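Using the hints provided, position chain B relative to the given structure of chain A.
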Amino acid sequence: MTEDVQFDVIIVGSGMSGGWAAKEFCEKGMKTLVLERGRDVEAGVDYVGENKAPWDMEFRDRVDPKLMKNDYPIQSECYAFRESDRNFFINDRENPYSVEDGKKFSWIRGDQVGGKSILWARHSYRWSDLDFGANAKDGYGTDWPIRYADVKPWYEYVEKFVGISGSEEGIPQLPDSIFQPAIELNSVELDAKAKLEALHDDRKLIIGRIAHLTKPTEEQLKLGRGSCQFRNQCQRGCSFGAYFSAVSATLPAASNTGNMTLVSDTVVERVLYDPGTKKATGVRTINRKTGEKKDFTAKVVFLCASTIASNQILLNSTSETFQNGFANSSGVLGKYFMDHHHQVGARGQYPGFMDKYYFGRRPTGFYMPRFRNVNTKDGDFLRGYGFQGEAARPSWPRGMDQKGYGADFKHSLREPGGWYMYFGGFGEMLPRAENTITLHPNKTDSYGIPQVHLNMSWSDNERRMRKDIQKTAIEMLEQAGCQDIQPFNKEPTPGLAIHEMGGARMGRDPKTSVLNAHNQCHDVDNVFVTDGAAFASTACQNPSLTFMALTARAVDYAATQMQQGKL
Amino acid sequence: MDHHKNTIVTRRDALRRILKTTGVAATLPLMSTLGACTPEVEKQLSPYMALIEEISELIIPETDTPGAKSAGVPAYIQAVIGSHYTETERTRFIESLTIFDEMAHAENVESFVSASADVKHKILSALDNQGPSTKGHAIWREIRSMVIFGYYTSEAASEDVLYEAVPGKYDGNVDFSEIGRAWMIRGI
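So the sequences go chain by chain: A and B.
Heads up, the first sequence is in my numbering, so the first residue is 79 and it goes up one at a time.
Heads up, the second sequence is in my numbering, so the first residue is 803 and it goes up one at a time.
So that you can see chain A by itself, here it is in the shape it has in the complex (with noise of 0.2 angstroms):
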């Protein structure tokens, strides 16, 4: 069955990366289809959790472990997985993937419009030089086709738009965003950040950027959003649409041009493709609902499907033309698969300012930008890793873990207790051809569609950079003059740093890349995968702006080339 409406182009997922190339379709006049496989999101009314006070909810934003288990035995290993926002997550029961035996990884994923962009946890940075040039420099993984100045003004475009908050700091591998005001350190971190920056000439500790809203422009305040309430709650879903979320900002802009034709509850089966004329003459849809299978046809097809999910729509799009996956004859498809790694570091206690205190819920921490290989060579591993931190006084959790019970015990709790801080390191992680996603050969899902099989594992590079990590860590605790300091080093599953990046990588080789400096498929001109897959590699910082910025250029790029007739 055939969709008799002719689009200019089909974009595949309504996320961070979907939203964007929406708005931009939409808003330079071109006929779009927005294709999501979860349920359909409206903002304000479909944030089911928001606005609960914690005895609102019978079990105090607890999901019942019961529950847990049966249907997000991975979802629930995500930070943010509450019952007040489990409604944004998927249902593992329903929707199996494969990893290869001995291995872990856990997939956190959205099963909505917006996806996980309504999840995350909107830390928003620049990459550098440092980044695009980090394979070339060391021999692993390929070249980037594009440096910093080939991104610099669609980093600019889009966080005119989206929002981000922070400080100027004039650093030259974390470049300056175009800021709205930042939100403030507190008491002790500007103490430590003292201390630290005296003694350190090559770190800074500065406020976590952030895509919230401080101070709105005309243009936010027209979609509906307005400025950061500090309740931190933001996985909820944010009604002042103070955070970015393609529900809060992109889709709503889109929406507006009335050129977007938005179907959710729809899977992509596969992008089809023309031997003849050598092009994606669209998609194969399943409706989730009632099974029905369905074409639509464009001329430009753009995945935006998340990382993995990309990957797996290009493995499944076979055809006697490329046997092994969509524009796949480089053979690399699915490899130079890569995440974050984290939860390595070291928390203390910070004496002093028992005076001080903060007022409201601050939805970020401090960071400290990489300052490992950067100008010179340090340590013994490649690459390098930022830190993200906080520090804060303990409220009454603390009191589940201490003795005692009665008046005494309980007037203890109405006060905080002192001041702890930590640093918590985001490392690089080695683009390596064996880490990789394929079709599992028998498995399905429920829709028939092969199941991915993730096969992703740390290398020791990874382990020689987390050593310094937590080395650094404690370091710099002493330094900032902390007692009683706990370094923390578990090694991750991979998945969690929920920063998946890789496998349709760019570069300038069609033999050895899928991708070229335009996102766009060497193999098939009209195919553009602007999410995570399109990754070389993974700098060390936070990947959603990047994203954003990419896929902003490569609609630019494509709509030029179809007004010119070229697709």
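It is worth saying that the hints were derived from the structure and are not from the lab.
Just to be clear, a hint being listed does not mean it is correct.
[To be verified] When the alpha-carbon atoms are kept at most 27 angstroms apart in a straight line, the in silico DSS-like pairs for lysine-lysine are as follows:
| hint | chain 1 | residue 1 | chain 2 | residue 2 |
| --- | --- | --- | --- | --- |
| 1 | A | Lys130 | B | Lys871 |
| 2 | B | Lys924 | A | Lys271 |
| 3 | B | Lys971 | A | Lys300 |
| 4 | B | Lys971 | A | Lys481 |
| 5 | B | Lys971 | A | Lys293 |
| 6 | B | Lys845 | B | Lys871 |
| 7 | B | Lys937 | A | Lys481 |
| 8 | A | Lys273 | A | Lys455 |
| 9 | A | Lys282 | B | Lys971 |
| 10 | A | Lys434 | B | Lys971 |
| 11 | A | Lys238 | B | Lys971 |
| 12 | A | Lys144 | B | Lys845 |
| 13 | B | Lys937 | A | Lys130 |
| 14 | A | Lys481 | B | Lys845 |
| 15 | B | Lys924 | B | Lys871 |
| 16 | A | Lys182 | A | Lys147 |
What you are looking at is a predicted structure, and each value in this text was computed from that prediction instead of being measured.
Relative to chain A, chain B alone:
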């Protein structure tokens, strides 16, 4: 303090207006559990509720602010045991509770609930200070955690610690005296 309070009131009013106009407040979540607290389970738990109430109030007593009992902690514990625990966990929990009466018997009292205030404190103090390998340690830590969690996530506890649904701003450098209480952060 006053400055913050004024801000809060304004924000609350603003939020109320937003809720009214968008109808957000009307969209209640469908909070689901596997196996709700059935009448059978309630019946199974009812003989122990007096004991659970007594222990709850001893852990977080009423002072110048509400205690665990008026905060609804026993009902919260009943809901957790009834709905979130498996049958095995529930049976184990109920069996473990016998330690309180056993310790009361050792003090020549018929039951924990009927013991004098002094005897109750003697028992709880012993449980609170005993080592992890001792009988009674696990149930004491378990019920104590549930009481603390249940209390500090209750509306009544917002009289004891500070809760603001919509703080409206973040100030990272405030004198503690301006706030005066610990924030009622969400538990989990």
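Agreement of lysine 282 of chain A and lysine 971 of chain B with the hint, judged by alpha carbon distance not exceeding 27 angstroms: Judged against 27 angstroms, a Cα distance of about 25 angstroms means the pair holds.
Distance restraint between lysine 971 of chain B and lysine 300 of chain A, which requires alpha-carbon spacing of 27 angstroms or less: Holds. Lysine 971 of chain B to lysine 300 of chain A sits at ~22 angstroms (cutoff 27 angstroms).
Hint consistency between lysine 971 of chain B and lysine 481 of chain A [alpha-carbon to alpha-carbon, up to 27 angstroms]: 35 angstroms, violated
Holds or violated: lysine 238 of chain A to lysine 971 of chain B, with C-alpha atoms at most 27 angstroms apart: 22 angstroms, holds
Agreement of lysine 971 of chain B and lysine 293 of chain A with the hint, judged by alpha carbon distance not exceeding 27 angstroms: 12 angstroms, holds
Given pair status - lysine 871 of chain B, lysine 130 of chain A, alpha carbons within 27 angstroms: It holds: about 22 angstroms lies between the C-alpha atoms, which stays within 27 angstroms.
Proposed proximity, lysine 971 of chain B with lysine 434 of chain A (alpha carbon, max 27 angstroms): 17 angstroms, holds
Agreement of lysine 182 of chain A and lysine 147 of chain A with the hint, judged by alpha carbon distance not exceeding 27 angstroms: 17 angstroms, holds
27 angstroms limit on alpha-carbon distance, applied to hinted pair lysine 924 of chain B and lysine 871 of chain B: With a Cα-Cα distance of about 21 angstroms, the restraint between lysine 924 of chain B and lysine 871 of chain B holds, given a limit of 27 angstroms.
Distance restraint between lysine 144 of chain A and lysine 845 of chain B, which requires alpha-carbon spacing of 27 angstroms or less: Cα-Cα ~22 angstroms, so holds.
27 angstroms Cα cutoff - pair lysine 937 of chain B, lysine 130 of chain A: 39 angstroms, violated
Proposed proximity, lysine 871 of chain B with lysine 845 of chain B (alpha carbon, max 27 angstroms): 20 angstroms, holds
Checked against the numbered hints above, the structure breaks hints 2, 4, 13, 14 and satisfies the rest.
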